[in-house]
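Enquirer: Take a look at the letters that make up each chain.
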Amino acid sequence: MAQEAQKEKSMVLQKEMVEGLFDALSKVSETGKKVCYTFVPGNLSELIRTFDMLPVYPEINALQSAMRKKSASYIKEAEKHAHSEDVCTYVKCDVGMLMKGNIGPTGQKLPEPDILLLSYTGCFTFMKWFETLKREYPNAKVIMLHTPYQENAKMTPEMVQYMAKQLRDEVIPVMEEVSGVKYDENKLKKILGYSKEAGDWIAKIFDTTKHKPSPIDAYFAGVYYIGPINIGFRGTPEAVEYYKELYSEIMQRVEKGLGPITPEGEMKEEKYRLVVEGPPNWTNFREFWKLFYDMGAVIVASSYTKVGGVYDMGWRHDASRPLETLAEYCMNCYTNLNLPQRIELLSKCIKDYKADGYITNSIKSCNSFSAGQLAMMREIEDRMEVPVGFIESDLVDPRYFSYSNIKNRLESYFQMLGQRKMMENQEV
Amino acid sequence: MKKLSELINECKELAFDLSYTRAKQWKEEKPGRAIVGYMPIYFPREIAHAAGALPVAIFGGGDRKQIIKGDAYYQSYICHIPRSIIELALDGHFKSFDGFVFPSICDVIRNLSGIFRQLNIGSFIKYLDFPQNFSKDIGGVFYKQEMEHIIHYLTSITKKEVTAEALNHSIDLYNKNREMIDFIYKIRQDFPWRLNMEDVYYIVRAGTVIPVEEHNKLLEQVCYHIKENIGTPQDKVKVVVSGAFCEQPAVGLIKAIEEAGCYVVDDDYQLGSRMIIGNIDAQSSDPLMALSMGFIKQSQYSSSIYDVSNPKEYRLAKIVKDRGADGVIFASASFCDPSLLDAPIFQNAFNKMGIRYIAFQYSENINQYKVIKEQVGAFSDSIKLWEDEPATVQVTNK
Ligand code: SF4
Ligand code: SF4
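Going line by line, the protein sequences match chains A and B. Numbering of the first sequence is given in our numbering, commencing with residue 1 and proceeding in unit increments. Numbering of the second sequence is given in our numbering, commencing with residue 1 and proceeding in unit increments.
Isolated chain A (complex conformation):
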């Protein structure tokens, strides 16, 4: 693991897409393009694109702020204005950033929203977040798209209809009004066709972890892979091209029997294969990742890479039913699944990707993930008979990342995994 990794072609493609978006956002006063703030889970990128609007994702800004070490001061700013210490730090980071001038990840000022599209999927905090933003941006139009929860592990026809009606009667008319663009269903269908393709590729990419060694890390690198589908490029030929390229690069690694690329180069020996539940920590992302790859641990599947859509159970966008498919997409995001469904999904990952263990990264900010994680962990331990590990951190608040605590816990966990593997080998 010596030299810094070379930039692969896929990385260049991704960089171009992201920079293009932020560049376009910085020019809206000249181009007159309308801006839609929205969330990653249940993001309606295809619809936003149909109306030629540009998306802004406050969660992405928050995590980028954390990676640029700016989140602490933003959070402090929000806390000065009555935001509690104990709520989701994404919200506080975003509010603080707004209070300090709304400078986005590329150093350019982000434009104000013309629309706040609240795709209310899998998290109550989203609602509070946009209630807060609405008060900051009184001129923005707010659209609430209520996504019913898969409480009974099903997307029923009535749930789909409820959402399709909201889209048809409330979301689309506001988008038409604000963007000045007429709704064009054929255009949406075409975009959805690319979304399906992107979904196919992303599923194939995350399925490559079935190889030994796994050619990718499905958590730490996975968060980069899901970037394009989650920040507005799902439904574009560029995203399809990116994923094709990424897949071919990964398959080359498989052919050569190579492990994942880490920030310090290629991971040499795969000792442990893990499934991780919960979002990563962003403030100390590299240190956090290093704790794993230094121990030869690779993440073969993670729940977090499914927040913007679950593609590994076979669901895909279906252009022939445009609004219904958008409804299903929203309902099928990971945090909109009930706990037994989450257990089912993660158990399947453990089985399919032959994981040695299961780790929960419990995030203080996020009840949508965290409430119930301990019960899930116990059930998975019983059902799958794999050792489970538990660590705690936060998304973007550096006060809750304790390197030594996490390191100690992981070390004991890997020790336990090591002993278990040794015993299994002896038995064989």
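If you're looking for bench data, these hints aren't it; they were derived computationally from the structure. Careful: at least some of the hints might be erroneous.
To be verified - Covered stretches of chain B, as calculated for chain A (at least 3 residues, CB under 8 Å):
hint, segment
1, 72-78
2, 108-118
3, 126-134
4, 324-337
5, 341-348
Treat the numbers as computed from the prediction; the structure is a model and nothing was measured. Where a beta carbon is used, it is the ideal one built from N, C-alpha and C, also for glycine.
We have chain A already, so just place chain B with the ligands on it with the hints.
Expert: Okay, now just chain B with the ligands, sitting in the frame of chain A:
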């Protein structure tokens, strides 16, 4: 007619009976009856009543249940109520409950429904998704369908047919129930010394664990008594308590606020019992739609209802004005996302409007209130001393 003190004692017994004795007795009295437990904030109890079931509120264990197993289910940074509900469930307090409804109020309650499913508690679990779309044809229809699912679960146990007539009858009974509770609050607004907040709390909470017919009888008598000019006025300021809609503060805290120099003239402690403002149409040919529209059009402001077209800060400000209150106490359960995320919205608006407030956090199992009492005392003194000065005070206690 019973004496007021007898009625209050009766309600006190019922309100904190974590064995749910009366509900269980009621179920035993006749075959084909069912009990449905529901979590905060609001559940349309009318549908359970019409289906031959008794809706019973589950408010957690408060400071009356030691947590032994529940802590293993929740990280330290999650509020207290889900762990006490799990504790009650695992200790068999909900034996004879047939099903459970988890109204959509926050991610913790939502995911708790999954834990109940995983642990196979009850014969049905229903997460009740309240509509966040407020037009009749969209949100109204969806909510009606949600209620139909619950009716289906219940009637498959009770084998009772839910007719429009039965539903209208149930709606009528709950309308009366809310009217009488409203009357009590009206009296409290003008003559808060007639019945203290602690007693109001017992009286309202008792109604969440017994049949509505029995509660209505109790309420009729309480209303009769408090029409009389009883009690002695004290030199206290009037406040509204907001933010305590789910995990309940221990009674000692409810008492401490009044002892520290405040009359609480409105609150959201047990919001569910007062969620709907005014009556729901009890003569509709489509009573489920009437209930649905009741929720959509007549709900009190709440942290779990999307509020952009009807902002909560103005609604709370109106309550403060209508009740003649001098200030607001924001009381949030520790780690309660909906309440804490609303706090800046309220507080920033109240700073501009010149409405005085304090804020603190509590936990249902904590029964030491010295610090909070001092803070509330200081708040009430500041209001009394500087009556003409618009002022805001913010104190956070954890
Ligand atoms: S609570 Fe969790 S899902 Fe919701 S906004 Fe925060 S991090 Fe995202
Ligand atoms: S106290 Fe707040 S966070 Fe906890 S369950 Fe109730 S509403 Fe949810």
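Enquirer: Each hint: holds or not?
Expert: Results for each hint:
| no. | hint | in the structure |
| --- | --- | --- |
| 1 | 72-78 | holds (count 6) |
| 2 | 108-118 | holds (count 9) |
| 3 | 126-134 | holds (count 6) |
| 4 | 324-337 | holds (count 4) |
| 5 | 341-348 | holds (count 7) |
In this structure, none of the earlier numbered hints is contradicted; all agree with it.
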